Structures are given as structure tokens and as C-alpha cells.
Amino acid sequence: MLRVDALTVRFGGVRAVDNVSFELAEGERLAVLGSSGCGKSTLLRAIAGLEAGDGTVSVDGTDLTHAAPDHRPIGLMFQDHALFPHRTVEQNVAFGLRMAGEADRARTRRVREMLALVGLEGFGGREIATLSGGEAQRVALARALAPAPKVLLLDEPLGSLDRHRRERLIDELPDVLQETGTAAIHVTHDHDEAFAIGDRLAVMHAGKLLQVGPPGEVWEAPTSITVARVLGHTNEIVDGSATVVWRADAMIVDPTGPHEATVDRVQFRGTSHAARLRTSDGRMLRFLLDDPPTVGDDVRFRIDPARVLRFD
Amino acid sequence: MVLLPIMFIGLFFLFPVGTVVGRGLGGEGLDAVGELMRSSRQRSVLWFTFWQAVVSTVLTLAVALPAAATVGGLSDRARRVVRSLVTVPFVLPTVVVAGAFDELFFATGLDSGAFRLRHTVWAILIAHIFFNYAVVVRVVGTAWAGLDGRQAEAARVLGASRWWAWREVTLPLLRPAISSASAIVFLFSFTSFGAVLILGGPRRATLETEIYRYAVSRTDLTGAAALAVVQLAAVLALVAVSTWLERRRPAPIRMARSTPTLRSRSGRWINAVVASALLGVPLAVLVERSFSTGTGYGLGHYEALGTRVRQLPAPATTALWNSVHYAVLATALAVLIGVVASVVVVHGRSGWRRLFDLGLTLPLGTSAVTIGFGMLVALDEPPVDFRTRWWIIPVAHALVGVPFVVRTMVPLLRSIDPSIREAAAVLGASRRRIRREIDLVIGARGALVGGGFAFAVSLGEFGATSFLPRRPDDVTAPVALFRLLSTPGDLLRGQAMALAVVLMVLVSVSVFVIESSHGTTEGSL
Amino acid sequence: MKTLSLSLLAVVVLTAACGGEDRAGEFGSDPGGTTVTLMTHDSFAISDSVWEAFTAETGVTVELLQVGDAGAMVSEAILTKDAPIADVIFGVDNTFLQRGLDAALFQPYESPNLDRVFDELKLDDDNRVTPISFGDVCVNYWIDALPGAAVPTTLEDLTNERYAGQLVVQSPETSSPGLAFLLATIVGTDDWEQFWANLVANDVSIAAGWEDAYYGEFIAGGGERSIVVSYASSPPAEVIFADPPIDVAPTGVLLDSCFRQIEFAGVLAGAANPSGAAALIDFMLTDTFQEDVPLNMFVFPASQSAALPPEFVEHTTVPIAPHIMDPAEIEANRDAWVDRWVEIVLG
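The listed protein sequences correspond, in order, to chains A, B and C. Residue 266 in our numbering sits at position 266 of the first sequence, and the numbers go up by one each step. Residue 79 in our numbering sits at position 79 of the second sequence, and the numbers go up by one each step. Residue 163 in our numbering sits at position 163 of the third sequence, and the numbers go up by one each step.
Calculated from the structure, these hints are not laboratory results. This structure is a prediction, so every number in the text was calculated from the model and none was measured. Every residue, glycine too, gets a C-beta built ideally from N, C-alpha and C. Any given hint could turn out to be false.
Rough simulated footprint, nothing fancy, chain B against chain C, three-plus residues with beta-carbon under 8 Å [stated by the list, open to error]:
no. : segment
1   : 147-159
2   : 198-209
3   : 237-249
The following block holds chain A by itself, in its conformation from the complex (with noise of 0.2 Å):
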């Protein structure tokens, strides 16, 4: 349904985005997962048309790439919302109704489903400077879903949010998304937010796509090694020409195990604890263990080695 071909947005001499293609079908969600500056936020405002760039976009086989923002069916909803401060929340849900043309009482029942659909009821009438964190994102939420856009593209959208709310929304989203039937561009920085809401996962570096298909078949097996990195392999060793990585919770403890190093930090995180270990060349990695080790002590362990990767 939405088509983009061989998109490159520049900045000065900097390819912000560079050379993408993709397609997104019907309903389906695509999570982008990538650190901050990798040209992500870049890459959904060039769909929408915020940005100029060469390449082509289309969407049911019109091409878009000349359009304005206002005539592309696509919805974007902006890192920190973007709401209209001097609006009430109503009229913030109703706006691309209204730019649209929707009659007075449609366009109310219509603000009224969506604030339902977001959990928001009774919240019309609300000035956006009271909003909560999580509220303000379902407002915004609700604000890009009214117009029903063919393409919704989201950029960090539940970036700013606590833990809590994070998990309820990573919960609700694709609820939402799937009974409006929309299909979505998730652009994230967080593995869990990516592989909970995408269908598929794309993978983007330096302005690239460096990898795109169903997020288990990514996770399990990165095409590179910067795949690899951005997918939490974080500990990583050079054997002769080749780089080898692996992730924390592929360390196994293991008194004849091969290796060794020092016990340097351990944190507590819930279910397990992180432990950070140097070896006796200063290498430090990075452990995932369910029973503490003391700090100073020197542990042995191996790798599992199903679970490494190696790049020639």
C-alpha cells in the first residue's frame, strides 16, 4: 500500500536519510528501531511531506512525493505530541476533522469514539496545559487516528512516558491500530517497544535500512554486525580478521568454564542481575545472572556458542 523508493533526504552534505525502500501493506505495523540521529524522525517526516527529499512516495500507487502535507493520506504523530496549546483537547481531536471538512455532528461523535478509544472520556473539554504525560500522548493519539489516515507514522511516541504508562500503551497501541485497521511506521529507540507493536522490524543506521523482516527472525539473526550492536550484542572481542559479539544473558557461569575475569559492578535488575566483568586485558563485559557474585571476586564462565555471532 504505501510504497517508498530509494528516499534520500540531505542536509547540507549530510544524508539524513539515505537511498530507503520499503513497502507497508494494509493493517500492517512497522517498527523502525534505531539510537537517536540515525535519521529516523528524518525518515517519517519526509513521508508526510515535511521534508523535502529525492525518491519516490506513494500509497495505493499515487504517487505523493510532489504533494503537500495536506493532501497525502498520512497522520504523524509528533515526538512530543505537538498539541495546540491555545485548544482545548475536543478541539485537538477534532482539528483534521474540521480541515476536512466533517460536519459539526459527525466530527463530534467521531472525537467522541476516539476519546473513547484512547480510554480519554469525558476529557473534551480539558485545556492542554492540565494534561498528564500519558494523557497528552493519547490526546495526540487520538488527534492523528481522527482524520483516519491511511498511514499513521509514529515518532517516539511513547518516548517521554513512565515505565508503567509505557507498558500499558505498548499494550493498548496495536489494539487501537488494529481495530482502525491502520497501518503504522513505529519509529523507536527501545527493542521491547519495537517488537511488541511491529509486524515487522527495520533496522536503521546512518540513514540506512540496514535490515528489515519479522522482528524473531532479526533478533535472532542480524544481517551485520551494526544490526547486531543495535540489538543489544553488546559485548564483543576481534578474533584475527573476524568480530565476534554475543549478548549478556548468552554468559553462562561455569567454575570450568574457559574464560575469567574480575566481578568490577553488579546491579540489581528485578528478575536478574547485571554484573560487569574485566578480563586481565581490560576488556569489560557484560553479564546477565540470577545470583549475585560479589564484587572482587573472580568468576570463570563460558559462551554459549549457539548464541554467538561472528563478522568476517
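Dock chains B and C against chain A, hints included.
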């Protein structure tokens, strides 16, 4: 610190104005006012004063708001250049501008016939747009540059066209700046003198020209005082109403992280064309005249500025130097008072806030005759025997400059997200420290833009100045210019035009320098 | 922080300005009599050497204070009557004189030099004011631009349709030459109201002040009208300040239209230095001062003994019988006349 603006306005405005009005009314008291308002002529004068000011304000906004948008989208440097150039009309005495307009009317056949502009209310309105264009471009353009572009983008993505996004989102967010600018334009038009008298023709009268007529031509000081009371009351009422309308504090607007990138190139061109037609053409007439000597084009009139002609009490260059000297003092004073007052207006107790807003704006809406005569009459006894001190002139200029500083700074201060101040507080800053490190630094942009105004206003002031006693060596450039134009002879007229052009250059360069002294890049914090 | 430093600078500068040495001390606080303060209008100008001669002669220095036009000056003098800012006022003309007299602005002083003054200029028998100079407000015309090269010679000529759309005058409501010309028509025509009605029918143009009449509508400034109300001394100014230099004035004067303006000086009641004031008035009637007047202010000296500069004489026509009017009569009727004029001309 709070006392500073109070003392300033009290001593140099309220006390003088109160004294001169009181003395003028004499035994008759407010009966004189009542009698005045029973005359149908004065009622129609009041009505005309009011509606021409309203229409001037609306038209100025219509012409200048698109320009403010374009200015908001320019690079910092280009923006400063444009902002300095548009201040040029501020320093030009109306008699000079009116001459240029008249010449254009003659040249284009608009002096008579069906499309006659000369001596119509349209000529007044056009002149008011000419003089006030800068107010809107500078005040609103500055706020616009600091606006977060994403709200407008959000509107675009929600299906709003450029126009709707502007109307529905940008415009309301700019409201504080727009109402600030409107208040200034309105008051300037309300008290406009030369444009009404010269361009409007002999049939048009406003409260301002009537006060002059009563005070100067008829020596009817009672009538003048009664008119001054009416003018003060009208301004007070209007400012009070606008303050009341603005009583709801605007929501804090986040400062720009990204300025809107979607700007139309064609819009830029349209604005450039409008600005050059409106501002450029009349000014070009002056420039042309200044170079035109009896022996063809040349610098003769400029060279003549250095030697004193008999009509002037000192060489024109001395007058220029005096004007710059006064303008520097007036600007420093206006910025000092204006900054303190702005902080009070934004953070003070609500009673103070209202009073400050009102009191500081009043001088803009008060007749030059009232202020000039007032200072002369009231400041006549020790410890305030100031009336013949030379510095009373820059002080009078600063009275008009202060509202500019306040009106450009207050919207900026209001737009500061409270969380920024809270962050500073948490980082251990005292209240005073927060004012200095947050409000003053962010507000500095407004203070400098206001300071640029104060400078331009002072450099071109020819109202109160002309009523204050001056020694020959203290003559200002506008007074000298007027003197040169009051004796026949092409040499004198050429020199007057050269003086006007030097003033124009001087003001744009000075305003540029003043505004460039702000270190941080505007639009980003 | 820049703002803060700017503010500090302001404080420093202001303190210096207020507390520091003032450029010329205070006015009116000079009982020793070494300074005399002269209040005058913006058009006043005299050569520095003349003041130096006065100081050399009397040991008294003149401090000059200029305040707007003659009308503004008289109003300010009346407003500050109880605490005058000067010792002497110069530039009160016969159209404003009665107002000053009614307000008791002056203290009488009879200068020993008064016998040099033309008798017809002395309008106050009590010598509260002393005539210093005079000039004439007259209709001027641009010789080469007159329709049919026909020069108007009487006021009534201006209503001739030959001159339709040619005349521009100033409004007597806001302009001093405008008022003078109105007075000239009241004295110089049989029925001034009818005369003005005829002028209106002949498409007279009304400007707010001298500047926009002369430079806005008259040919001299690029306008289209060939006849304007100005001064008898405008033609010499056109020659002296011509660019390029010319020998013959391009403008001429309609002698029948002239109204005489006499400028007076007076010692202000409550003057701090009355003896210095008297000395200054005496000096203003000496040839040193009187002969400097014409080329500086483009008016004639009041003293018969003063010689006129040749370039001034050459291009100036002195009206032999200008229209004159008693200041008391002007004062008694001025507002009513002006209001009537507004009805006829602007109504």
C-alpha cells in the same frame, strides 16, 4: 528595582502631564471637558481619530504580517538586515516623507481625479502603514522566528492547507506578539500629527492636531488641556480594554527547535516587492533628490553638511552628532527601564502588572504637546528643576522608547516554559538569579529589538523635542532638517535631503549593530 | 549578560548626566548678571560674532533657548510665567502680541535706542515690547510658470479664472503665514468672505503649513502650482541659496497681498537678570545686531540706521503699503475669523 520604572514614569510623565493639564484647566476643571465634548466638531474629531487609528492598525497588520512570516523564515543575518532596513521610516520627519508621497502622487496622477489619494483619508492610511510597517515586522517577526514550527506541521499533516495552518495554529500562537504590535501601531496612529495634517489635508483633524491647534495656534490652553484629558482618557480606556481582552495569559509556547522548513519562495518575492513599493519608492525619491545638485548628480549636498548655513544654529553634522548622542542615552535608559518593567509585568503581582502595562504604554498615546509643555511647566523647581537641562531631551525620547522594549520583551518572557525556570531553581538558582540567567538572557533578544526601536524613535523624534528649550549647540537632526526646509532655496532643500538620507543610513546601521550585539543565535536557545 | 552590561552602562551614563557637571549651569539663577537668557523660536539665527561683540561690550554672555515656532513659544512663555526660563523673549509677532500682553508676560522697558526704530513698528505705547525686525507675508509667484505670462497685481486678480488652480495657501488654523494672509484679505478686500468664496471657486489649494505649500505644491519643490503664500523675502532666498547660482530671482511678489509681521522682544516679568535683559534689548537695536538680521532670518531690521546687505536689497521688493492691523483687533476677532474661514473654505 521595581521603583525605577515607577519613579521614571512618575517624575517624567505623570507629574508633568498632570501639572500641565491641571494648570490648563485652571478654575474650570472638568467642566471644560464636558463643554468640549458637547461640540459636534470635537465629537467627530474624536470619532475620526479613533476609526482612522483602527483602520490604520488593521491595514498595517494585513500588509506587514506576511512580511513578518517571511522575516521569521530568513537566516539570522538576513533577518537582522531586514529588521534594520525597515526602521528607516522611523527617523524621517513627516514633512519629508509627505513631500516624497506628494511627489509620487503628482508623478502617478494620484493627486487629482477619480483615483485621487492626495488630501484624502487614504493618504493618511498609506502613510501610517509606511511608518508602522516596521513595528509589525519587527515585533511579530521576532516572535515568529522563535516559534516552534511543529505545531503548524502537525496541522499540515492533519490536512490543513498552508493558509489554514497559519490561521488556526500559527496566528493564535503569535497572538501576544500581534496584540503588542497592534497596540503600538494603534497608539502611533492615534497620536499621529504630520501625516494627518499634511497628507490628509486641511479638512482632517485628530485629537493630536486639535491639541496642537488649541495650544499653539490659538493659545487656548484651557481648550488644549481639555482635549488632552479626552485623549488621555480615550487611550487609557482603549489600553484598559485591550489589557482586559488579553487577561488570559497565553499558554507557554515552546521555543523553536526546528523552525518551519516549508517556506514558499514566491511568498518571499511578493513580500520583497510589497516592501520595496511601499517603503522603497518614497525613500528612493529622497535619495534621488539628495544627489541631485544644480550641476547634475553629485555629493555637493553631502559635503555642505559640514559647514553651518545661517539657517541652522550649528552645522548639520553637529546636529547629527547630537542626535546620535541623545539616541544612545535614550536607548540605554529605555532598555534599562523597559527590562525591569517587563519582568514586573510578567512576574509581578497582578495589580502591579496591570498598572505597569498601562502606565508605561500611556506616553505612546499622549500628545507631544502635552509631554513637552508638561515637562517645561512641572520640572521647574528644585529638586526637580530639569526643564532646561539638555538631558531632558533624551529622557523625553526614552518615554516613547520604553513601551517598545516592554512590548517586545513581554511576549518573549511569557513564552518561556515554566519548566525552564523550575529547572534553574532545582539547579540551585535563586529567584533573582533565575531572572538574570533565564529571563534576561532569553528576553535579551526582545530587549535589543525594543532597544533598536528606541534608538530609531529617538533619532527621528520631532514632537516633544520641538517644544523643549534647546541651546543652539543642542539642536537635533530632525529639528535642523525642518529648519533647512523652512527657507526657500534649492541648496537648503538639497542639504535637507542629504541630511535625511544620512539619518536613514545611520538608523539602519545602528539598529543592525544594536541587534547584532546579542551573542546567542535567536530561535534556538 | 550583554543586556545587563548595557543596563549598567545606562546607570553610569545617567548618573554622570544627572549628577555631573551640566554643560552650562542653570538658567535664571544668575543674580551676578554675567549671563542673560534669551528665549526665542526655531527660526532665530544670528552670527556668532555678533554675540561675541555683545559680550565684549557688556561682559554679559547670552544663553539662547529655542522652543518650536512662535506660537509654541508664546504658549510656553505663558505657561511658565510664574517661573520664567529666560530673561528676554524674542520673536513674538503682532499676530500673537496681544496674547502676551493680556497674559502680562512682559515688564516695560524703554530702550534708549528706541528712537532709531521706524515709528510705524511701535505698537505698544507702554514699551512692554520693543520692535526688532519686520517682514511681510506676501503672495509669491513663479514668473516663468504664470499662465499667459500675466503677472497678478491685486488680490482680486487671484480670483480671475486665468489663475484657476494656480494658488496654494496655508490654513490659518495651523500656519502663521496662513493667518497673516487671511488678515491681509480681511484688510485688503471689500468683502473678504466673498473673496474667499471666489478663491474656492477658482480651485485654491489649502496646505497645512508653509513647507508643504512651498515645497509640496508650488513649482519650487516640484509641484504644479505657480502662486503661493510666502514672504516678501523669499525671492532673495531663492537667489542666495540657488543651485546652480542665478542672477535673477525666479519668483516675484504680489505687493497688494502683503501683511506686515513685526517681531518684538520683551523683558519677561520675573526675569532673574533684568539689567542684563535691558542691555540685551539695547544691543538688539544696535547696527551690529540689526545689520546681521536680514541674511540670517530673511526679515528687515527695525532700525532706520541699519544698512541693508546689498544681495538682500537687490532681489527684495519692500512693500510700500502692506496691510496692517491692530494687535487688539486681531486678538478680539481671530478665532471667529478663522472659524468663519473654515466654514467658507473647508466647509
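Hint check results:
1. 147-159: Answer violated; 0 residues pass the 8 Å Cβ test.
2. 198-209: holds (count 4)
3. 237-249: holds (count 8)
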